[in-house]
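A.B. asks: Those protein sequence lines, which keep their order, are chains A and B. Just so you know, we're using the working numbering here: the first sequence kicks off at 42 and counts up by one. Just so you know, we're using the working numbering here: the second sequence kicks off at 176 and counts up by one.
Calculated directly from the structure, the hints in this document are not laboratory data. The reader is advised that the hints may include incorrect statements.
Here are the simulated lysine-lysine pairs, DSSO-like style, with alpha carbons at most 30 Å apart [claimed, not checked]:
no.	chain 1	residue 1	chain 2	residue 2
1	A	301	B	807
2	A	209	B	543
3	B	807	A	114
4	B	613	A	308
5	B	543	A	301
6	B	496	B	543
7	A	201	B	543
8	B	572	A	308
Since the model is a prediction, treat every value here as computed from it, not as a measurement.
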Amino acid sequence: MGIQEQYRSEAAALLSSGEVKLVIGFGAGSTADRRRPLFARTPEEAQKFVLDAACIANLSTYLLAEGLLSDGKKVGVFLKPDGIRSVNILISEAQLKPEQVVILGYAIENGKDVAALEGRNISDFSIGEKIRNLTPPPHVIEAAEKIEAMSAEERFEYWKEEFSKCIKCYACRQVCPMCYCRRCIVDVNQPQWVSTSSHTLGNFEWNLVRAFHLAGRCASCGACDRACPVNIPLRLVNYRMGKEVRSAFDYVAGENSDQKPVLASFKQDDPETFIL
Amino acid sequence: MALFAPVPETLSTQGFRMAKIGVFVCHCGENIASKVDTGNLVKALSDHPGVEICNEYKYFCSDPGQETVKRAIRENNLTGVVVAACSPRMHETTFRKACAEAGLNPYMLELANIREQCSWVHSDKDQATEKAIEITRSLVEKVKRNNELKPISVPVTRRALVIGGGIAGIQAALDIAGAGREVILVEREPSIGGHMSQLSETFPTLDCSQCILTPRMVEAIQHPNITVLTYSEVEEVDGYIGNFKVKVRKKARYVDMSKCTGCGDCIQKCPVKKIPSEFECGLGNRTAIYTPFAQAVPNVPVIDKNRCTYFKNGKCKICQKTCQIENCIDFEMQDTFEEFEIGAIVVATGFQIQDTSVYGEYGYGKYKDVITGLHFERLASASGPTAGKILRPSDGKEPETVVFIQCAGSRDPSKGVKYCSKICCMYTAKHAMLFAHKHHDGNSKIFYMDIRAAGKGYDEFTRRAIEEDEAEYLRGRVSKVFEENGKLIVRGVDTLLGKPVEVAADMVVLATAIVPQPDAKEFAKKIGIGYDEYGFYNEAHLKLRPVETATAGIYLCGACQSPKDIPDSVAQASATAAKVLGLFSREQLEREPVVAAVGEATCAGCWGCVSACPYNAIEQKEIRDRNGNLVKEVASVNPGLCQGCGTCVTFCRSNSIDLAGFTEKQIFAEVMAL
Ligand SMILES: Cc1cc2nc3c(=O)[nH]c(=O)nc-3n(C[C@H](O)[C@H](O)[C@H](O)COP(=O)(O)OP(=O)(O)OC[C@H]3O[C@@H](n4cnc5c(N)ncnc54)[C@H](O)[C@@H]3O)c2cc1C
Ligand code: SF4
Ligand code: SF4
Ligand code: SF4
Ligand code: SF4
Numbered sequence: 042m043g044i045q046e047q048y049r050s051e052a053a054a055l056l057s058s059g060e061v062k063l064v065i066g067f068g069a070g071s072t073a074d075r076r077r078p079l080f081a082r083t084p085e086e087a088q089k090f091v092l093d094a095a096c097i098a099n100l101s102t103y104l105l106a107e108g109l110l111s112d113g114k115k116v117g118v119f120l121k122p123d124g125i126r127s128v129n130i131l132i133s134e135a136q137l138k139p140e141q142v143v144i145l146g147y148a149i150e151n152g153k154d155v156a157a158l159e160g161r162n163i164s165d166f167s168i169g170e171k172i173r174n175l176t177p178p179p180h181v182i183e184a185a186e187k188i189e190a191m192s193a194e195e196r197f198e199y200w201k202e203e204f205s206k207c208i209k210c211y212a213c214r215q216v217c218p219m220c221y222c223r224r225c226i227v228d229v230n231q232p233q234w235v236s237t238s239s240h241t242l243g244n245f246e247w248n249l250v251r252a253f254h255l256a257g258r259c260a261s262c263g264a265c266d267r268a269c270p271v272n273i274p275l276r277l278v279n280y281r282m283g284k285e286v287r288s289a290f291d292y293v294a295g296e297n298s299d300q301k302p303v304l305a306s307f308k309q310d311d312p313e314t315f316i317l
Numbered sequence: 176m177a178l179f180a181p182v183p184e185t186l187s188t189q190g191f192r193m194a195k196i197g198v199f200v201c202h203c204g205e206n207i208a209s210k211v212d213t214g215n216l217v218k219a220l221s222d223h224p225g226v227e228i229c230n231e232y233k234y235f236c237s238d239p240g241q242e243t244v245k246r247a248i249r250e251n252n253l254t255g256v257v258v259a260a261c262s263p264r265m266h267e268t269t270f271r272k273a274c275a276e277a278g279l280n281p282y283m284l285e286l287a288n289i290r291e292q293c294s295w296v297h298s299d300k301d302q303a304t305e306k307a308i309e310i311t312r313s314l315v316e317k318v319k320r321n322n323e324l325k326p327i328s329v330p331v332t333r334r335a336l337v338i339g340g341g342i343a344g345i346q347a348a349l350d351i352a353g354a355g356r357e358v359i360l361v362e363r364e365p366s367i368g369g370h371m372s373q374l375s376e377t378f379p380t381l382d383c384s385q386c387i388l389t390p391r392m393v394e395a396i397q398h399p400n401i402t403v404l405t406y407s408e409v410e411e412v413d414g415y416i417g418n419f420k421v422k423v424r425k426k427a428r429y430v431d432m433s434k435c436t437g438c439g440d441c442i443q444k445c446p447v448k449k450i451p452s453e454f455e456c457g458l459g460n461r462t463a464i465y466t467p468f469a470q471a472v473p474n475v476p477v478i479d480k481n482r483c484t485y486f487k488n489g490k491c492k493i494c495q496k497t498c499q500i501e502n503c504i505d506f507e508m509q510d511t512f513e514e515f516e517i518g519a520i521v522v523a524t525g526f527q528i529q530d531t532s533v534y535g536e537y538g539y540g541k542y543k544d545v546i547t548g549l550h551f552e553r554l555a556s557a558s559g560p561t562a563g564k565i566l567r568p569s570d571g572k573e574p575e576t577v578v579f580i581q582c583a584g585s586r587d588p589s590k591g592v593k594y595c596s597k598i599c600c601m602y603t604a605k606h607a608m609l610f611a612h613k614h615h616d617g618n619s620k621i622f623y624m625d626i627r628a629a630g631k632g633y634d635e636f637t638r639r640a641i642e643e644d645e646a647e648y649l650r651g652r653v654s655k656v657f658e659e660n661g662k663l664i665v666r667g668v669d670t671l672l673g674k675p676v677e678v679a680a681d682m683v684v685l686a687t688a689i690v691p692q693p694d695a696k697e698f699a700k701k702i703g704i705g706y707d708e709y710g711f712y713n714e715a716h717l718k719l720r721p722v723e724t725a726t727a728g729i730y731l732c733g734a735c736q737s738p739k740d741i742p743d744s745v746a747q748a749s750a751t752a753a754k755v756l757g758l759f760s761r762e763q764l765e766r767e768p769v770v771a772a773v774g775e776a777t778c779a780g781c782w783g784c785v786s787a788c789p790y791n792a793i794e795q796k797e798i799r800d801r802n803g804n805l806v807k808e809v810a811s812v813n814p815g816l817c818q819g820c821g822t823c824v825t826f827c828r829s830n831s832i833d834l835a836g837f838t839e840k841q842i843f844a845e846v847m848a849l
């Protein structure tokens, strides 16, 4: 039995036993190499699940749909390690209760093979060490290094150019599991900290606010990057912020679900170089 | 209860009134007027929308100045006031009071700081004027959006905690208790007394330290208002001025305080007799069950668990068998914890002397007869290991020549500390005198940098050492101490004669630097007060608020703040007592209403603010619908605990927290006006 069939029947079993009320997975997409989320509430619907190397989206975002978990029932979800990592972050930020999430874990190897991951509950997946040693894909590192090698002026020009493309569609925010606020700061208009029109200054404000809000929280799933209709390399921003946080506080987001939010917790030996 | 009074109307939009702002530009004599063209400033602000009246004056903080402000408020029905003058730290209170007296809510006042942040730091008058205009405008924009706030009142628990039972702590406790308030005095050693109990005689009067200290110690322990907890440590401090919660660990003494009569039989019989006594600085020994010194208060021994044969090998209990009282010695005793509600905290944790082994060249630690001043105190003390005879630790012989080295650590940025330890000049003179009094043929030579003897009777004291007791003062540093033919050769330089000197001494006494307690910094973090680069605790203002810390309700006295002698420690202790009693004179305390409040509609319940708040002021709160079902959990600020620091505001990603008096609308308007 291939992994797809195996996971279909496991999802069906979870639904028919009543253990979960819903399984969030992947269904066929608009083209052969695209998948779209599929929400199965019955064992029959579970038979439509697809699981292959095209299933790259981070489905943990859907766990945060308003009201979904307020009845205390469980929900199953297909997750890759980056999705599991974001669930860890969400639990540590009190947005999910670990007992409500049943994980159908899988990993994509070499970009083509799909392997099952052992475990069902978040505590079954000890991904801490893996995440610590995780290196982003070579092209991300390469791009990041190129930017880091630039002078401050060149770097500013580079990002000005990139951010000037932003059309303020907020797709990056909608797709990101960490952007769960009911009201985002960009929607605050009393006072209007971030201007709504998509001129360069306003775009800078938005993209930098997002960068700061994700510092030490990004799960590196790349969803924002893929969602951006104008191809701004958003992931590079978050990658860089993650690196900063790691070097300053030895903190890697999503290693486990008991982490304290890095920028809101204090340790005696935190660096204080900013205090003159 | 007032503590949970409704959050001040931070987020509410008070009925919108046409702004009528009064702007008052102060010259501060020449301080502002010399660098800022106040006439231009007045002109510019007079035209600013919403400004009803704009004046200038030489000193607005003066009586007539304040009158002008008050009259303008009354006559023009002002809705807000901006005083363009100095820092709010200087005169915010002054002008708030003036506003209140004229019937305007005091929180409708803003100070535009055009002195510290403008005239004092700029030289170009045109630019400074332009900057002053911008600063003042931005405050006008802010004040238009100010809300009327009311002070929060919180109850005051009229019970003080004094930490440290040295002379400073004892004095503070006695003064507070004497005025009828309860005091908890916590001392971590088995006895109160601190360093003063180790001293022989004290400058500048040469009265015996024990004789003047012991009565105080006894008075403290017998005082009906004072609870003395020795062998105890403060574990946790929560809360805020008037309302601290303090957890104290009472370390297991293994001797029941309520039963022990202090007969000392157990100490006599303890077989472990060769433990170097901390109190005697290692010059004498103690047993495993011990009181640190004969006059200890309370006179109840403790068992040193690490040295006791029973705790080490499971056999002995001789002390228990000796003790006449049943179950008085209890090897099963455990540490216990007690919590106290406290209104004010006095920190009096004292000092230690610097470890002099960094000065390898002085031979401390290598030669037994190179000792510190504190060793000398024990040798000179009638109750000390030599019964008051100055004898060499190496062979017990009387020394003929004693060399004293001052500033052995102080005023030495390379190896020691930069500061002057303040008391060493005086106690070295005292030591030379005591040596002369006890040993008429002896002679003492003192290497010094300067003699700093400022204080009542102090200079006379050092003169007496030189003139009557023939102490020989050599101005210069010592480079080396080494042994030769049974003598300690002290090689140094006499800078007044401009030539090197060598003295063959029998004993060398180092006036080591006074440094903070080893755990001073950690302890400061635990109780939430500031400290300097060394670990001495910071006062709120060196000159004007010397016994308060920056944390409201926590006060300082004694050598934990800086090196101090007994007179200064005692004076400061009485000063803290006055502050504490001032606080305790009221049942309710008015607090600044600058507190945070959470917008529950948008709070995402991430608890980031809960862990970010340095004062633990944010709690989790459940929101339920009318059927009692949980809708969501949100953050909620306890206005009694909130200090208005704004940390949570900056943390909250969804912008759900606002700070009264500094709302985002106000700040935004301020920024946009620039
Ligand atoms: C060699 C020498 C000679 C001196 N001679 C003189 C003299 O002749 N005349 C004079 O005026 N001054 C003299 N002094 C100075 C005098 O010793 C000090 O001024 C005085 O002891 C300061 O008192 P204090 O209460 O601040 O500190 P301390 O005496 O150090 O007392 C502090 C107390 O706090 C306790 N403590 C510390 N941390 C904690 C904690 N975390 N919890 C609970 N308890 C704690 C300590 O155990 C100690 O009992 C001399 C000092 C030295 C070193
Ligand atoms: S997805 Fe891209 S274009 Fe859209 S708001 Fe984000 S950065 Fe801008
Ligand atoms: S910021 Fe982008 S990469 Fe990071 S968690 Fe959000 S969507 Fe994923
Ligand atoms: S940080 Fe903001 S969103 Fe998070 S709990 Fe606090 S108030 Fe709510
Ligand atoms: S303003 Fe400061 S003290 Fe008040 S709740 Fe926020 S973080 Fe805590």
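A.B. asks: Decide, hint by hint, whether the structure agrees.
C.D. replies: For each hint, the structure was consulted:
Proposed proximity of residue 301/A and residue 807/B is supported: the alpha carbons are some 21 Å apart, at most 30 Å. Among the hinted pairs, residue 209/A with residue 543/B is inconsistent with the structure: their alpha-carbon atoms are about 78 Å apart, more than 30 Å. Between residue 807/B and residue 114/A the alpha-carbon distance is near 16 Å, which keeps this suggested pair within the 30 Å criterion. Under the criterion of a C-alpha separation no larger than 30 Å, the hint pairing residue 613/B with residue 308/A is inconsistent with the structure, at around 54 Å.
For a cut-off of 30 Å, the pair hint linking residue 543/B to residue 301/A is broken: about 53 Å separates their Cα positions. For the hint linking residue 496/B to residue 543/B, the alpha-carbon distance of about 39 Å lies beyond 30 Å, and the restraint is violated. For the proposed pair residue 201/A and residue 543/B, the alpha carbon gap of about 72 Å is over 30 Å, so the pair is violated. Straight-line distance between C-alpha atoms of residue 572/B and residue 308/A comes to about 54 Å, which puts the hinted pair past the 30 Å bound.
Violated hints, listed in ascending order, are 2, 4, 5, 6, 7 and 8; each of the other numbered hints is respected by the structure.
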